[in-house]
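Number of protein chains: 2
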Amino acid sequence: MADAETTNPTQQPPAEAPAAEGADAPKGPSKSELKKRAKEEEKARKAAEKAARQAELEAQKAAAEVDYATEFYGKLPLNQSQSRPRRTRVQIASLTPEMDGQTVLLRARVQTSRAQGSKMVFLNLRQRTDSIQALLTVAPGKVSKQMAKWAAGLQIESIVLAEGIVKKAPEIIKSASVGDVELHLTQLHLISGLETVLPFTVDDANRPEPPETEAEDVQFKRVLLDTRLNNRVVDLRTQTNHAVFRLQHGIGHLFREFLDGQGFTEIHSPKLQGAATESGASVFQVSYFKGKAFLAQSPQLAKQMAIAADFERVYEIGPVFRAEDSNTHRHMTEFIGLDLEMAIEEHYHEVMELLDGLFLHMFRGLRQKYSKEIDAVRKQFPADEFKWREGPEGTLKLSFREAVDLLVEDGVAREDLDDIDTANEKRLGRIVRAKYDTDYYIIDKFPMALRPFYTMPDPEDPTLSNSYDFFMRGEEILSGAQRVHDPKLLEEGMRAKGIDPASMSYYLDAFKLGCPPHGGGGIGLERVLMLFLKLNNIRRASLFPRDPKRLEP
Amino acid sequence: MADAETTNPTQQPPAEAPAAEGADAPKGPSKSELKKRAKEEEKARKAAEKAARQAELEAQKAAAEVDYATEFYGKLPLNQSQSRPRRTRVQIASLTPEMDGQTVLLRARVQTSRAQGSKMVFLNLRQRTDSIQALLTVAPGKVSKQMAKWAAGLQIESIVLAEGIVKKAPEIIKSASVGDVELHLTQLHLISGLETVLPFTVDDANRPEPPETEAEDVQFKRVLLDTRLNNRVVDLRTQTNHAVFRLQHGIGHLFREFLDGQGFTEIHSPKLQGAATESGASVFQVSYFKGKAFLAQSPQLAKQMAIAADFERVYEIGPVFRAEDSNTHRHMTEFIGLDLEMAIEEHYHEVMELLDGLFLHMFRGLRQKYSKEIDAVRKQFPADEFKWREGPEGTLKLSFREAVDLLVEDGVAREDLDDIDTANEKRLGRIVRAKYDTDYYIIDKFPMALRPFYTMPDPEDPTLSNSYDFFMRGEEILSGAQRVHDPKLLEEGMRAKGIDPASMSYYLDAFKLGCPPHGGGGIGLERVLMLFLKLNNIRRASLFPRDPKRLEP
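From first to last, the protein sequence lines stand for chains A and B.
Each residue of the first sequence is one higher than the last, beginning at 1 in full-length UniProt numbering.
Each residue of the second sequence is one higher than the last, beginning at 1 in full-length UniProt numbering.
Rather than coming from a laboratory, the hints here were simulated on the basis of the structure.
It is possible that part of the hints are untrue.
Intra- or inter-copy, both count: the list cannot distinguish identical chains.
What the hints assert, rightly or not - Straight-line Cα separation of at most 27 Å, BS3-like style, residue types lysine-lysine; simulated pairs: (1) Lys435 x Lys549; (2) Lys488 x Lys75; (3) Lys369 x Lys534; (4) Lys50 x Lys426; (5) Lys534 x Lys145; (6) Lys168 x Lys497; (7) Lys534 x Lys292; (8) Lys167 x Lys445; (9) Lys549 x Lys35; (10) Lys174 x Lys39; (11) Lys397 x Lys445; (12) Lys36 x Lys149; (13) Lys290 x Lys50.
Because the structure is a prediction, the values reported are computed rather than measured.
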């Protein structure tokens, strides 16, 4: 207001004073006139004094109003652990109508804040996937008008410490996840405010995605996702994302739970490698003191060496790095590999069957223990429920040849099927779903030409190999095989693929020192998560995704 | 031999032939002489025929001997999963005297092989930490001499498939871990042999280390360890190492078990970073397509961003990278970080106490569930049992000031104690052990000057900080603190440490978007393992260790 007066000094000229001065100027006042004036002045003085007294009283009253609530609201000092009253703070999810009348204390985000007149404020308070309606009502000696005004002005996404009385809601509050109670606030303090503009609201970020169509507007979608990823900290606050990353946690837990029960040992292999292994083209190079190193593109070599060291059964959960300039919905330059390797007694199908058991354990575990999270994700990403085969017939297993036949029957030219490309993989997924009613299946016996040098050839047909891929919704999520444990055959394989055996002498030595037959596989954690939930883009399954164009946040 | 004859043609001239030629040359033989010769030739021919027949018979007999056992031994063809008889193979650990008379099949390494005469061979067969004595005795129709000879010639560390009858041992066999039974072999086949010279035997590698002395010969020890690490696949086959890595598995399991029970979510943060964060000097640089990236030296920034995203409590197990040219017993360039971060309600001691509970859970769990492994390691690395305080007084907690006082009392000059260096840390460990009878303790309230920019200062004394280190046997195994969640204070901290806030804008933004008070810590997995077992060198606690001089195997 002060600024407005200064910048517009002539818009509202004083109307009375100049006219009075003009009228009085020529002649002096009479005595009676002076007396009258003195009287009026005295009157005005008294009136002013009265007004001043009144103002003072009102100010005192107003001051008294601020005072009575001043301790009940406002910004807290920066928490530097000044004190520790050890007062219990509750989770919104734990509040029930049975607690009616209890006073509770909780830390939460302000999801929304809405004033109703000057005496009432409705707040939606959020903790992760849970929210509750909180109500602030002006009441003498408790909640002041100033407190209500302050609360109504809280920026959304602020973090507050709220004290209130739990009340059974008169009717279910649909805007809150805990809808059968509300919180009648008695105190409200700001723990952490915002010092920047919110790029989008969490409500906006949590809205259902437009249904996927064949002719989807990829450009539009990409922009949306990029905005989310650029502001990932806000994006991750959605109910959907809290559910997604609880499910990611669940997959890791179920993976380890199953393998621990099967006698596996968890290992941690180095990501820094002395040589560019497997396929030099897609390996990141690192400056290593005065020399160089390379980032492991899988724990393949290390886990095989662990088998040569008699570890028998090992798994690893860790980052793998791929220097591939692929900008697709399913490629990242860094992702989490769920890898395992095990000694074989008789036949590599021992490994394939264990892997199948592992996937079934994960699928069942997710459905049983994480149904709330799956439902939360489905609200934003509607999808057919993921289907697999239970029952005596077991998981569908096709040979590569049978998979090709299915595609040929469906109209694909056989000469295009030396390999099955991504489009045909998806097509096969649709064929299999229609014919066998499953989103999960295994393809066995890949042509040797399509597999890495360490893959064991088929004993009867050397153009085939003892290798398999696992699929979810028509996309590969695991690749594995029996490995070559004979050093001579391994060297031949290396030479055939243009790799100098001398560059991998440590690896070769492991087999020269005696190694049992073995096999294994590698699973992409984010792919399993993306495909189980049908998130459509792998970046949504990674906390802070990395691709050729993204190294931040 | 052919080469030797060619290169020394004159050293052994034919001695007989020239003399005979010279003697016979002048005169021809008489008729009776010729007759006599013919008779003798006939006799010799018959004798030769007889000898040949005899030899043939013996050969037939010998051939018959080979035949009767030929299927019972020898090298198996390369296992390419030709067949799957689904015959159960047993674990040595499962064999008991109650199984006397049962025929079993097992895959194992040949630990030792020793012939007793030509009719008996003793083999020690090994599976990981277990071994058994196996006996091969020549018996008609069952075990041939050839089979015994072949078995006696098996190279140690070969992998065999052994069939035999379980027999109660007449007396406990001390050389085997399963000493109350032995295996009377009926079949023995080679699965995988050696194609190189064994650098050292597993028996040698498993011998007790010389006791540590104050004046230990470090040079000698380092050479030994290097030999092991250069041939890590053989070194890892020792009982000690199988136990060490089962214990490593156990620490990870106990870490997750405790935190899962405390409502934590496991996260996976990217190791590829767009900027050299925290302290630029010790970060590895990566070629990233046409630009560059850096390897994360901790998940610090990511886990804090997860807190700003309302994850509340997170942990991560993953590699961290340090480009420090430190060649000590306790530094590696890559190790496994056990990291956690959590929101604080009132005071950072909530975090410190949770971390203390975590360590006690790990210590108790290791002692309860892994006593066999701890004992196995102690055979090679004798050490006082790791001690911690149970009971009502709880874990020893000292302030940095109190720790300094203890050192000063012990004779260290106070002016040398602005920081506590490695030598004084160890000294403090000995003082604490003597005074408080514990190998595990916490130091709280470090000077602010010693901590990173994101550390929260003490509310009363800004030269101190809300930070702590945890120690085992006088070495730091965890560093942690309350973090600064206020963006302005954080920017000030960055500038004070010479970091441009613009280079970490994504990180700063997380706090500008509202973030609860929080704290956490990072644990070095290999350090905990090394110090719990007193392995004396961190490389022994890493499967394939990496240091400035080692990138292989």
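Tested hints:
1. Lys435 x Lys549: neither (40 Å within a copy, 57 Å between copies)
2. Lys488 x Lys75: Between copies only: 16 Å across, 72 Å inside.
3. Lys369 x Lys534: Within one copy, since 19 Å is at most 27 Å while 40 Å is not.
4. Lys50 x Lys426: neither (85 Å within a copy, 78 Å between copies)
5. Lys534 x Lys145: neither (49 Å within a copy, 66 Å between copies)
6. Lys168 x Lys497: This pair counts as neither: shortest intra-copy Cα distance 71 Å, inter-copy 53 Å.
7. Lys534 x Lys292: Result: close neither inside a copy nor across copies, 40 Å intra and 33 Å inter.
8. Lys167 x Lys445: neither (64 Å within a copy, 43 Å between copies)
9. Lys549 x Lys35: Close neither inside one copy (85 Å) nor across copies (104 Å); limit 27 Å.
10. Lys174 x Lys39: neither (67 Å within a copy, 124 Å between copies)
11. Lys397 x Lys445: Classified as within; 10 Å inside a copy, 60 Å across copies.
12. Lys36 x Lys149: Intra 47 Å, inter 141 Å, cutoff 27 Å: neither.
13. Lys290 x Lys50: Result: close neither inside a copy nor across copies, 85 Å intra and 77 Å inter.
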